[in-house]
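Asks: Sequence:
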Amino acid sequence: MQIENRIERQIESLLEHNIIRDRSYLDDEQLFRNEQFKVLKAIFYVNVRQKEIDGLSAHFAPIFRDDHPIHLSILGKTGTGKTVTILYFLNLIRNLCTKKNIPIRYIYLDLTTPKPCFRALNDLACFLDASKRYKKGISLDELMCRIESKIQTLQGYFILLIDEIDHVRRDMDSFLKFLVKRLPQRVNVRLVLIFTSNKLNWMEAIDPRVKSFLKINEMVFNPYNALDLKKILSLRIEKALHPGGIAEGVVEKIAAISSRTHGDARKAVELLSKSAQLAEKEGKVITVEIVDKALEEIEQDKYVAMIRASPKQLQAALFAIITGSKHSTKVLHTGDAYGRYRSFCDRIALRALTQRAFSDLVSELDMCGFVQARLRSHGRYGRTKEIAVHLSKELIKKLKQVVLMEFDLNPRWP
DNA sequence: TGTCCACAGGAAATACGGGGGT
DNA sequence: ACCCCCGTATTTCCTGTGGACA
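According to my numbering, the stretch in the first sequence is residues 303 to 716, in order.
Errors might be hidden in some of the hints.
[To be verified] Below, simulated DSSO-like cross-link-like pairs (lysine-lysine); rule was C-alpha separation at most 27 Å, straight line:
| id | residue 1 | residue 2 |
| --- | --- | --- |
| 1 | K533 | K353 |
| 2 | K417 | K576 |
| 3 | K379 | K702 |
| 4 | K576 | K702 |
[As the list claims (entries may be wrong)] Derived CB-CB ranges, DEER-like:
| id | residue 1 | residue 2 | range |
| --- | --- | --- | --- |
| 5 | Y683 | G585 | 30 to 38 Å |
| 6 | E708 | K483 | 25 to 33 Å |
| 7 | E584 | E550 | 46 to 54 Å |
For the record, the hints were derived by calculation from the structure and aren't laboratory data.
Here a beta-carbon is modelled for each residue, glycine too, at the ideal position from N, C-alpha and C.
Full structure from sequences and hints, please.
Replies: What follows is the structure, encoded as structure tokens:
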């Protein structure tokens, strides 16, 4: 009875302090492309990315003069809106062309997750309706021929947007060779390739013979500044939150933090989202203090996510180190750490690696920022790494739980 | 000054596993 | 179905090293 009352009251208070109106506007993944375009339109309307849009217009203007634009390479860090801007723009162009009766078709080839040449071409073929999805059994050449003959049936302009081109593993050269050299020679459509990458120098790695063939225009998307981010965030807030759910100066703060550290719009929205969640849980409006807390929590989540995604061995190594350095409050030497690691491995029936391999694990943990390992000599008493953990108490606790869960253990171990 | 500790970390060998070719 | 090849993970082997101590 009491419990029921309490739950009821809690739900009421949550509803009363409801801050989020539509969560999907805080999470890009959940937004339909149509909605995304609407949001974007609003963003471009307030002159964010104006320069880039102008650049794109200039690049594609030849289409309307019955001319052939050269290829385009778009560079810029993650979260600078490369993909979304260009997609929006292509959509516009297509509508415009339809109005003017210019045949045009564009395809978005998403390589966000790395794949080999075969997969990438297979994806392309699928979009073109030229072939089924194969895992193997069909030669690259066959695949290329099918794509060619399909494209052969098209008229006018064919725009191929390849997102994150540098994610083509292994045989990027044959992939590019096909697109840049072979394809244009064998089809009638005017092919325009658009590459996206966050590596400024991705072109340096490609075969010079292909490269010399590749007439390309480069375009750089710079990270957003605080002003742009503020505009972007304001639009999201308008859609996603109830009015009055956010305190004075919070938008400015999020924009300032984000522009200073990365200029990534996605991360800025993420910070906003986390703040809103926290505020709702505490039944308050979003304040600058809550933003700070959200920032910290996002930071912690990164560590947790990273260790979750890591191999078991690394998890075990981390566990051995964080439990080891805790009660002695001091640094841990490699030998001791390795001993702890071994006994932990025994306990969880994991095959323990050699000390040599363990040492590499420690280096990896160091690089990821879980621990600090510095080489120190104790003279006669040997040379060893001193491993220290500089993570907050809560985070250590969280990480321990995560690792133990990964190993299916109950959270009790000395 | 030489010794020697307790490892670091490079190189090569080996094990493993999956995908492609036939 | 089978084999081969290649990339990656791990082991084995090895040489190198800063400085306290005698």
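Asks: Run every hint past the structure and note whether it holds.
Replies: Hints and how they fare:
1. K533 - K353: 16 Å, holds
2. K417 - K576: Not OK: K417 and K576 at ~32 Å, beyond 27 Å, violated.
3. K379 - K702: 33 Å, violated
4. K576 - K702: OK: K576 and K702 at ~23 Å, within 27 Å.
5. Y683 - G585: 30 to 38 Å: 56 Å, violated
6. E708 - K483: 25 to 33 Å: Roughly 48 Å apart at Cβ, these two residues miss the hinted range, so it is violated.
7. E584 - E550: 46 to 54 Å: 18 Å, violated
In terms of the numbered hints stated before, the structure departs from hints 2, 3, 5, 6, 7, listed from lowest to highest.
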